[in-house]
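Q: Sequence:
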Amino acid sequence: MTEEFRFDVFISYSSKDKAVARAVAERLRTDGLKIWLDEWVLKPGDNIPAKIEEGLEHSRILVLCMSRNAFGSDWSQLEAGTFRFRDPLNKERRFIPLRLDDAPIKGSLAQFLYINWSPTEREQEYAKVLEACSPPVKKSLILPTGTNEQTSVKIIQLMLVSNINSYVFSQDGKRALSASTDKTVRLWDLETGRCLNALKGHSGHVWSVAWSTDQQCVLAGSWDKTVRLLDVKTGERLREFKGHSGSVKVVVWNSDQDSFLSGADDHTVRVWDLHNAVERQILKGHTDSILSLALSADQSHALSGSKDNTLRLWNLRTGRCEHVLKGHSDGVMSLAFSANQSHALSGSYDNTLRLWDLRTGRCIRVLEGHADKVMSLALSPDQRHALSASSDRTLRIWDLETGRCLGALEGHTSGLVTVTWSADGSQAFSGDSRGGIQKWKMSKFVSGSHVERAAVRGLQQTPEQSQYTNAKVLLVGESGVGKTGLSKRLVMDVWEPSDSTIGAWATQWKLPVSSGEGVEREIWLWDFGGQADQRLIHQLYMDETALAVLVFDGQKEDLFETLGQWDRDLTRASRKEFVKLLVAGRVDAGGLRASRSEVEKFAEERKFRAFLETSAKKNQGCEELKQAILASIDWDEIPCRTTEVLFKRLKEEIIRLKDEGRVLMRFKELRETLQMRLPGGLKRFADEKLRAVLTLLAGPGVVWELAFGSWVLLQPERIN
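According to the working numbering, numbering within the sequence shown proceeds without interruption in unit steps and concludes at 758.
Everything hinted at is true.
Dumping the calculated BS3-like pairs for lysine-lysine here, alpha-carbon to alpha-carbon at most 30 Å:
| # | residue 1 | residue 2 |
| --- | --- | --- |
| 1 | K664 | K645 |
| 2 | K212 | K482 |
| 3 | K526 | K614 |
| 4 | K322 | K221 |
The set of hints was computed from the structure by calculation and includes no laboratory data.
With the hints as extra help, turn the sequences into a complete structure.
A: Structure representation (structure tokens):
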């Protein structure tokens, strides 16, 4: 099967068998499977039939608990019938019957081999259930076409008792430490997969571990709000560090090993004196949990990534924040400093990586391709490449000079939590949440040989990629001044009567030219409704604005007072300056009440780049406005995005559906509609790919995937 599923198993049962079903679900979940169980998924207010339909559609296997109770339950029969309709003969073994009692099996169910789940047989039969429900093992590698080098050189399965939150690997790659949900830190032999020691003492999940350079000690950050320094061999607690008021999510050593940093749910980063177990500094500024930390090579600066979607660059000598880096649309889970301290790489829950210039605070590149959260990343020793590890169970290797993905490495059967390079860059290690560890041969990608490097880049990429820059342009102003007519004239070169925009309207304005490097350019044009009660809401969408067009009614009596208020709102809304154009709309309905010289003086005082008079209806001044917009955008200041061609085409078709007036679609309907619209080679795509694109579009507020009923809202701007 090539289809990807959000759940491994859907548990179908009669309410009278709930205790048995729950026990099965809990045991399968403990063994790393994603389970759909009604009491875990359904929330107050949910449409129950719709949620069940969604669960059945997105589950790989249905486990039917067969009993007297179930045979008399309409729900159980309906769920079994719905699932088996797709595969009546169960050729793909997606239907697993569990027989709970000796009730006669009637009808078509009698033809299937069942698992005996009577009380006396459950323990010995569980292995069959787990084997039947576990996802198939994937191939070890997807490389650029034409490559047959074996890249995964070793696969290790740790003998687990609980989920793993993170790993740290020894320098020789022979051992690893894990932070686990069972409240322990465990030392593993990677030759055998055996646990050498379990370091106990924490009273909650251990989230993060950091190994000392001599590998004798480990720092562990925990849900219990403490950091502990533990002896790796004996498990002895050497010191305990208290001060955080929330779960400690990340710890990182200072290179001199006499101090370390920690980040927690209390929104703070703390610098600790190792020997005296006291705080040296408390760094405050984030508004949500700290998820990631990184130290510069000279230890003078630290980067923190937060659930508030930002990165902060801290000067550790002064304790001051030097830059707040904004751009991600979800929490920042992973960070890496470049060796020369000029750049940083971040990975986020929004499925993307971003490359930052730390001297200016500007985002240079956005790397798309993962279908789920980016949990970990690592820069190669030569700083030319990066590895990213994702909850989508894949690693990707990126060329940071070009921004292109060189390959996607598969083989893990659970979400990845950690990736790291060996010191010489020839190997990499990755670990997943269920104890799967893989050792990868990376020499093909990082070889200093020009011939080998050119060979990798010259091969057809898998998948095909596209690069583009995306400028955000806002049309703002009072209601009824002609913004909607102008936006349609700019994008589609048409005029049609329209009502005032309620909320906001966003569309894609594709440009016929590309840069000399083959990077396409496009504009996202946002038409903001002018109603007074929506101005505060609009400010939430103004980040990363490249240009704003303030449109006004030239006949308005209090013209300059109104324009002044709008200009102040624009100035407050964005963290950085952007180009502004001042535009009189609907001049065909009446000229300017004020003199043109007065308007031009206002524009000059408020630093508007230009003042233009327009009429969308008469197509007056519209071409001049279009050229002014194109000439005023500083394309070099906008991050270059690398994405799969499939992602780009899906985005474009979803925007066309928006422009055609579609408002709300079921996920399944949207998928089928897109499959009909895409060309042959792109028609077959996994649901996780579409969900990844919806996540990318949800960041700037273009679409929303609703949390109930499997709905996609194509016009979220209609919601005030």
